[in-house]
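Novice: As a plain string of letters, each chain reads:
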Amino acid sequence: MTGKPYRLPDDSGAGRLLDRSKPLSFTFDGKKMTGYAGDTLASAVMANGRRVMGRSFKYHRPRGLITMGSEEPNALVGVGTGSRREPNLRATQVELFDGMTSVSQNRWPSLDFDVGIINNHMSRLFPSGFYYKTFMWPKTFWHKVYEPVIRNAAGLGVAPDGVDPDSYEQVHVHCDVLVVGGGVAGLAAAQAAAANGKRVMICDETPRLGGIADISNELIDGKSQLDWVREQAASLTAADNVHVMTRATVIGHYHHNYLMIFERLTDHNPALAAAGAPRHRLWKVRAGKVILASGASERTMTFANNDRPGVMLSSAARTLVERYGVAPGLMGLIFANNDDAYITALSLKRSGVGIARIVDVRENPQSEIITAAQDAGIETMFGHAVAGVETSAGGKQIDAVKIAPYVKGRGRVVNEITVPADFIAVSGGWNPVAHLWCHNGGKLQWDDTLACFKPKSHDDDIAIVGSANGTMDLAGCLKEGYAAGEKAGGKARLKKPRVVVRKQAPVEPMWFSPATGKYNEGNKHFIDLQNDVTAADLELAQREGYESVEHTKRYTTLGMATDQGKNSNVPGMGIIAEATGKAVPEVGTTTFRPPYTPFSFGAIAGTQRGKLFHVIRRTAVYDWHTSQTSVMEPVGDWRRPYCYPQGGESQQDAINREILNVRNNVGILDASTLGKIEIKGPDAGEFLNRMYTNMFAGLKTGKCRYGLMMNEMGFLMDDGVTAKLADDHYLMHTTSGGADRIAAWLEEWLQTEWYDLKVYVTPVTEQWSQFAIAGPNARKVLEKLGSDIDLSHEALPFMAMATGDIAGFPVRLFRISFSGELSFEVATPANYGQDLWDKILEAGKEFGIAPYGTEALHVLRAEKGFIVVGDETDGTVTPHDVGMSWAVSKKKPDYIGKRSLEQAFLTEPGRKQLVGLATTDPNEVLPDGAPAVESGKLTGHVTSSYWSPTLKRSIAMALVKNGSERMGEKISFPLADKVIEAEIVDPVFYDKEGARQNV
Amino acid sequence: MRYSIFSLARQALNYHKGWEKAWRSPELKPSYDAVIIGAGGHGLATAYYMAKEHGMTNIAVVEKGWLGGGNTGRNTTIIRSNYLQDASIAIYDLAHKLYADLSQEFNYNIMFSPRGLLMLCQTEHELRGFQRTAHANRIAGLECEMIDRQRVKELVPIINDRDDARYPILGAYYQASGGTARHDGVAWGYARGADQMGVDIIQNCEVTGLLRDGDQIVGVETTRGTINTKKVAVVTAGHTSHIMQMAGVSMPIESVCLQAMVSEPIKPVIDVVVMANTVHGYVSQSDKGELVIGGGADAYNNYAQRGSFASLEHTATALVETFPIISRLKMMRQWGGIVDMTGDRSPIISMTDVKGLYVNGGWGTGGFKSIPGSGFVFADTIANDRPHPIAEPFGLKRFVRGEFIDESVASGVAH
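First to last, the sequence lines map onto chains A and B.
Number 336 in my numbering belongs to position 336 of the first sequence; there are no gaps in the numbering.
Number 305 in my numbering belongs to position 305 of the second sequence; there are no gaps in the numbering.
Okay, chain A solo, but in the shape it has when bound (with noise of 0.2 angstroms):
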């Protein structure tokens, strides 16, 4: 690796990450490389001599790292193989390991030749929103022929195939204070909390607290600002009510103080994966207080091919030499109109890195660092700036920096100079990281002396410290950290650090670097670089009228690429000020939304994934169904056997014996799903009226009553049997989808609209086994189990409960039917569900008993009529139009739905109404949903449809216009192949006199 020219040697003081006794081995786009441990990719490939890691967005023009971190958007890369790649990593951010396969992205065939640049060479021809002016004719073109090439030339990285092996998780946590940012300012903030006691957690982005102390120049109580930090995150680490995290983004702040914080816990290190180390881990922290010290950004400057391989901003040269002891070049020149590159400019002399000069758009700065550098013998050239760049090699390498007499505007350049360098590191000054503060709700404003937007209020509890509040000087840093930790934490004082406060010369702010030749005409200065997105395209789009800066954004892309215009809002807005004649706070600034940087979907899901997604709900006879049939159906989050098929029995016929056993013999059914909901107080009753259509109030206590449920407007929304336990208790049947629902929905009016009412809602579905036995030996099968309870037509009639014991088992036992047939269902508490099942299957044994699914069950109640809600309504069916104006109460005075029932259209005659459908052909089957046409026009469709074994024909329910006046008529349905017809009858098919269920 020595005989690199990038990579430093070890004498030189650079590299303070690296381990050099370790070297790992890796392949970027195939080709074997060798890092050391501590290196980035980004820092690795560089070491070995490659600048260009990616190609751009539209232009496909090669590109080199720019920043050094997350907000990185030229070096993208793909980092592993199938399953596990994943695609646009900013390689600024991985962390080398010893075998990592990565590969650059979008290009074709190959990196260094890049058949897509034939899109530089014609973008004369695509300025912004040029495909809004074209590829118009002729007219299925755009779908057929355009769209398809630039879908196939556009996206960056390429998606992992299949499954994803690894495993994510989220975890819920409360503190006191979480501080956002590990660098001086927040390290201070949280000392200062911590300091009486309070639960803090600090996190960074990066791997280690510190921010960028390590690559700064000041002291603190006379030690390095490196000493210090590390001090400080070794006793943050050490303390108790201290969580400290790094490799941790916070990626949203949300309402009342709630974060998301995104943790990457194996991607540095594969090993851990193959542990069985949850890959990305998910914080969700309600935080009673928040510290933003998230620090700033630096911003690059525009010039005339500010984007070649070599450009990179000046904290990243400066990261490149410090941490990875890697040159940027061998040459380099330093652009800048801050202080802050003269420390770059100092580092990299300090590490045997060659200085060409400095160049600053300032006319006549003065400061300590300006005057350390001019003594240590860097040339300075002030009042000038970068007017181009030359290069050669397609544009890869750079030779030459041309330089020019600053002058604002957008003027000719002329007495240019040429200065032969390789790399130019570029500091247009900071901007604060202030994004989270923006998520709910935080105002900023813009400040002229920093020239750039700082926060300004925020109606949450949380403040902004350090230079994400545009503090950027250490002193102030150290200062507001401390304070604002100790306004959270309480009045602990600690012993603040000395430094000595340096003065800095004014940045100032050059958002245009004029080129020579005419303006624009051929000199591209990029904005956005990922989307590449132009100057001129962001004056194009003034010229067009796209003025707002959301049009800009809109038309022009600026901002849209993966790092969400963390490098060219500010720019962007600079050059829009220059071209509109405006201040840059008249132009506006862009919203910043979650996430601060992109994080993986994984993390979002969590262990909500395969299994865990939507974890099925079981009866506790679940494993006696799973091992008696394998069709089992997904019924809401249930799963519910649909029939039990007997030694190859197919399922048509499992279904008619099942049906015909209870129709002569008995069935038993697993209705544990039934939604089961307790409502106990003194207002009860009265509640159930205001729920139901029908009266509930005068309903005796071991008396079930069938209740119809309507929503607002009237339409129908759920059924059930509510069964009266005690004066001030009832039980609540829903349908087996609707549980959840019901009772969020009980508990809605409740809460929001009748809180007067004294009612507890309590969901049970999942305490209570229950199961319906059904048939004419019902009675027999329970008699034979034996019981404390009456089981007698005369003690227990129909629509009639009990609480006693069956065989030793304490049950609620409910007369009530929903196939037609003598039928008790017995409610047993969940945990003896499958003893009792056993019991009851042994003792029905000599009666015939068999278990039926849920299409048997459907089956029998559509031969009774008995409708479904989901089924035969859908939410625009009434109580009446399904023939149950016996259960809309005349008397009450209220009760949901009930105004709306009253609307001319719901009174109308002529409705859409339930009716049977017997077939022409009694062998004929209408298909769900077949559709009644008359005169051309929809006038109906099948809500239901199946085969009767106990009929032996096929029965069906529609809802029909003016059905229930029209018995006898006939009507067709036409499908896709042939037209059956069918005949309109009563619904109720069998048993019409209900003698069946009532013995």
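From the structure, some residues in chain A lie toward chain B, with a derived Cβ separation under 8 angstroms:
| no. | residue |
| --- | --- |
| 1 | 87 |
| 2 | 125 |
| 3 | 134 |
| 4 | 139 |
| 5 | 154 |
| 6 | 543 |
| 7 | 609 |
| 8 | 870 |
| 9 | 927 |
Hints in this document: simulated from the structure, not taken from any laboratory.
Where is the CB? At the ideal position from N, CA and C, for every residue including glycine.
Dock chain B against chain A, hints included.
Specialist: Leaving out everything else, chain B in the frame of chain A:
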């Protein structure tokens, strides 16, 4: 100025310095024949068709912010017309047909892309629901079909088609002519078209009051002055109730936040639009390569354009389960928009009890796909001062009569 590859080439010679403004920034006049409040897709389309179909060019569209900045610029750009109820089919089919020709009509490429749209069937109940819709659509003459799992897999190779999936794919309801369009392009195309016919689009002009003389509307007060006019059309979805209240009209609308998000751009993985209503999520891939993802609305009323993380998680989780590769992709941007919710989740296109006051809103989660149809029938309603036949069922009267247009059976979540 006509747009074409030739004008592009001509302008390229001049470094694109000769392009004219896509629309003017006119001064507000003291009076207009009609004022449309809200320069979103629906408002601009209304203005466009009033000028084009009815010759009403002395009209203004006033907009609080920037045109196209509301839900028109915040949706997931899905276009389809496979609704269940006749009234819905009529308006969405009209919109669909108009969309197909808009680029050519505007001379502005809105990138209408009939790439195909599937609504997954993941439970028997859902399957039966779509079968019913399929029959209804067949009778109405829409070209849609039920497709089986194999065909779903061919159209959507990244779908989780395992038998043991929590909600196995039982099939899908497929509208081959459904698809997407570029949402900003639609707003801008209508704006440019309306502007060219003389319509004044006044941005950064907030309405502060509606003026009535008895039961007749007579003007609009704005932050840029008072406008005299006899016709006012309120097209401010998300703030319909708020604006209508200025004329003393209460609206049967609740406002909730609906979120959407995009992934980072990746090379093409999905060519069609997929809606998965059982698990509450839908996805398509933009021409830029981002997966565009939408889901359910927040359960609470809200005017802030910020949704809850819980809703977003619900949606993302559904997508990870349905399209497993999404797990390793990254969510790049999320945003929220305030949508009007009516009781039956169908829109309001209506006259009101105030003469000269018209309202178009209540689009819930389904406004974008209907923009051309909505604008067309609303323009006709305003110009002729009587409901267009396709608009009539969507009038406010339905809330008094109970004649709702409920699509809930056909689409659990998303319109």
